[in-house]
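Q: Using the sequences plus the hints, can you model the full thing?
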Amino acid sequence: MELDQMEVNSSVEQEVTSPETKPYLTALIGWSLQAIEVAARMERPFVVVGPPEFESYAEKHEIGFVGWDFNKLNEGSDQLYKKLKALGVEVAIPLYEECVEWAGALNARFRNEPRVFNRSLLLRDKGMMKRKAQIAGIKVGVFEEAHNKEDIVRFLRRVNDALLKIEGDVMDPIHVKPLDKAGSVGHMAIRTVDEIEEIDDNAFPLLMESHLDGQEFSVEAFIHKGKVQFLNITEYVRLGYSNFVPASPSLMEKRPQIVEAVQQLVDAFEIEYGVIHPEYFITPNGTLHFGEVAARVPGGHIFELIERAYGFSAYEAQILCSDPKTTQEELDEFFPSPYDYKGYAGCLMVHPQKDYVNDLEVPDELEQHGYFEKHDLFTPAQGKVAQRIGFGNHYGTIFFFGEESDEMRHLLKEYEEYDFYV
Amino acid sequence: MPQSTGVIVERFEKALDDLDQAASFVKSKYQTDVYQEANRLIEMENGLEHLFGHADRFEQAGVFQDGPWESADKLQPPLVAGSLRAKGLPMIIEVLSDLRMLAIAEGKATNPTVSKEMAEDFLNEVMVLNLDILFPDASESSRVEDNENSEKAQKLFEFLIQHLSSKALVKTLIEEIDRLTAQRPIMIKRIVSMIQTAKKMTDSESDPEDQAALQKYIAALEGPSPLSHKYKELSEYRANLKELERNDLISESVSLAKSMRTTGLVAPHHATLIRFLSKRMPGLLTYALALNSKGLANLEENEELVQQMIKASIFPATRQAIYGLALMLERGVLSHSPVPPGLRRLVELDIRPEVRKNLNKAVQTGEGLTANSILLAGTIQVLGQPLGVGQGFNPTCQAARGISLWAQHAPGFLLEIIPRAARDGDIDFMFEGQAIHSENLTGGLAPNLHTELDPVSLVLVPHLDRIYSEMMSRVALRGDDGHRWVNPAFYGNWVQKGFNSAFDPLTGYVMDYQGFVKLFYATHHPDFNDDYELIYPNPVGIFITNVHGKLLGLHAISITRIAQDPSGEYRVYFYNPNNDGSQNWGQSIEPSVQENGEEEGESSLPFHEFTSRLYAFHYNPYEQGDAYAVDSHIVQSIYELAKESWGRDYTWV
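Residue numbers (the numbering used here), protein chains in the order written: chain C, 1 to 422; chain Z, 1 to 653.
Honestly, the hints are just simulated from the structure, not real lab data.
Remember, it's a predicted structure, so these values are computed and weren't measured experimentally.
Hints may contain errors.
Unchecked claim - No farther apart than 20 Å at their CA atoms in a straight line, the calculated lysine to aspartate or glutamate pairs in the EDC-like style are these:
(1) Z/14 - C/307
(2) Z/279 - Z/304
(3) Z/167 - Z/117
(4) Z/29 - C/304
(5) Z/199 - Z/125
(6) Z/29 - C/55
(7) C/60 - Z/70
Claimed, not checked - Over 12 Å on every C-beta distance to chain C, these chain Z residues come out as not near it, computed from the model:
(8) 13
(9) 26
(10) 87
Yeah, the Cβ is synthetic: ideal placement off N, Cα and C, and Gly gets one too.
A: Structure representation (structure tokens):
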């Protein structure tokens, strides 16, 4: 990275550029073709801040691009702001988990509100996040940060003591996960002391929390000026494997309660702009437990499912909501009623259920099912299957769309068991 | 109920439209859907027609953008088959890409870098290279290789063939047949399948010149004489032979022999005729074999043995051995005293059951041949056509080179090890005072031998391969190229003890390449080597490079002679055991197999071009010429050829 050069250039340009650049640029932080496509379609001037390896691709296709290594934090980090400012950027939108604090830092500078950065940090530390929620009176499980294996042993024992388990009882599991990784990356359920030994010493610090029973679901809330503009509920059939949009009627019944909880969360975290993706557990008696929240594009193809079910581009919604300059009228016109969906859009993320795969077999009755839309599975190059990291590197996805949530749930459950690889 | 083609076609069109409309940077997002629907169409009846209907749009829409198939002008015909055999995406995109080429060839689409003619040439070459897919052979079903996709590939090729001008394709095929037959391989399966393909593709509208050229080959396989043409059925033919007068028999013999001599291919009737003559009129055998005077003398000298061999080994199924027999007589091998008893021994040899099984598999079933007949016929072929020995689909060039060398210069030795392997299941070689027995060894380069081989190779290669590997591993740590010691021990004392290699096998450094080149000139080039003639084939190592000059690997060949070609240029003539002696090695270095003074089975290259691919050779340290006299510009030009091809994979010091 030619930082010195950049500094010289940007300082020169900064003098030339007036503070109220119009039209201003939007910076997409991270690399997502879907987001780039939408930004281009919206005819919105934009620049992509992404890992340097995408530079040649961006150049080939004439995409405004600034290469940046998000893992490198040092005094040079300020250069990114200077460079973007010089280009006329006023809004930064995070696309991946690892970009959230970068976008936060940039927006804090663009808006001259240092606290924006601190808020974004809150979203990047699962321990802080839980604590903040707890302080705000949001119901969370019991949690603690672990710095070593003894912490985990103690936590496992204490939780089970509290549950009045005695020697010989099967212990209630606890969950541990890294403080700052997306979704399920590094997540482990611990049931015995022996399992704790398997944790790598480099994995610490970790967040530990008690197990929460109940149905898990996620919410994608589009926030503008601190107000929830649109709220989608995504029903998880099996976390990391299958989900659909919108939630089935039984969960939709609880929608008013969920909307209230999300607004409470937004207020507590002082989130003003953009999209948040919190996960909740709901117990049969209707109690909501807050799991965690992210402020980026959710996984599980949820944005695509929202577009299929509601007919608007969630990427576009994210861009609109991230920009303080968007007007309420624009937003009102943009978002449909949350009850105005065309059908249920679901997807199944496929990962081979064996270690070695030879061939792909997609059953005809699946392809001929009325709900089947498309899939992107291809016969793999013969070989060993990579271990799944989080729920990210699935081999492909099958998309469904239909009128009945029961049938959707049934389909997703049925084919989740199915091994498409032989 | 299967989905109707119509639905899928619609979905494909929608996906293609979406891709077409997508911005250039986001094509990859939409390509997936196009590939998915294309995959469904490929598997459907008439699916290729539907795909082809849109092929003119593929490139424009971005079907190939940002992928290996993006630039049509950079595509390589030899890579097509591999992609088609691969599962999943490569197969799908390859099919789409070939349909794009067809659209260009038919003038439906244009491409700034690929003309109509170039596209046509590309597809013709693809066809010729993939005859095995186009016309799969039932006997190959035993192949271990999983060829699930070959059905799809076959469908594609059949589709392409319907659209391509068969004229150009037939022409290319005939050129290919000319080139392959010129090398006179023992194994002719590939040639036969090409002739059959060409035959299927010609019709009344074909070029008369091509028809005539092809007719020569078809007749050679099916009956080149009026009588054999008339009586396709061998029993009828045989019955009719009995009715012929001596003169008619002579003309029948002459016409069959002429066909065999011009094509290297033998008609089944020829075997019937030879057996008939051998019994009734052995005096006419010389006409049926079209022997020269040396061959005739050898026949007369060994008449009884020849008749015995014909009786035991010449059948319609082993008809190619007739060509071997004719050449063997002309080479005078039977005058070599160990040969007649060696051959007689094979007739009654007690062949091991597993060897017998392999030999029987080598001919089609239902012929009623004994393993001994097959082995004897194969031995006759090897002795008659030593340069026709091929390694088949195995990485066993050394073993093939050995068989070829012994067939030329040590037939007695060859006839010694064949029974050892076939009867005893063991061959032993002495190496530096110690005996190496193949029966004690496992592994080798080809533990799973591909059995499409001539009978002698089938019997010997498993043993020779293991012995060679064992010798190489015994010298592996000596810090010099092991061939220095192994080649003389393995091939015999005909191999010279001097040895030079272009690179250090431990470090991979190329050192003193100029010296290496000069020594090769001083020991081999008649202008510099004090006129010492090459007496025995020299087993040398070469770098095999592809059409772009990129190193593919090391390969073993033998220099057979060095001589001036008809135009007066010095060429290296060599034997390449890889069954196809004229591949393109890049930098316009393309070995020729005919028209430059090659004998049957030889390849050749101008001396300096050959040198640029050489990496190791043997020489006689007492027969060196004047290395210092070699022109520096010759050395320099070879240095450049080497450095810019295989040399890119080595460190030069």
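Q: Determine for every hint whether it applies to the structure shown.
A: Verification of the hints:
no.	hint	result
1	Z/14 - C/307	18 Å, holds
2	Z/279 - Z/304	11 Å, holds
3	Z/167 - Z/117	13 Å, holds
4	Z/29 - C/304	12 Å, holds
5	Z/199 - Z/125	18 Å, holds
6	Z/29 - C/55	18 Å, holds
7	C/60 - Z/70	14 Å, holds
8	13	14 Å, holds
9	26	4 Å, violated
10	87	4 Å, violated
Checked against the numbered hints given earlier, the structure breaks hints 9 and 10 and satisfies all the rest.
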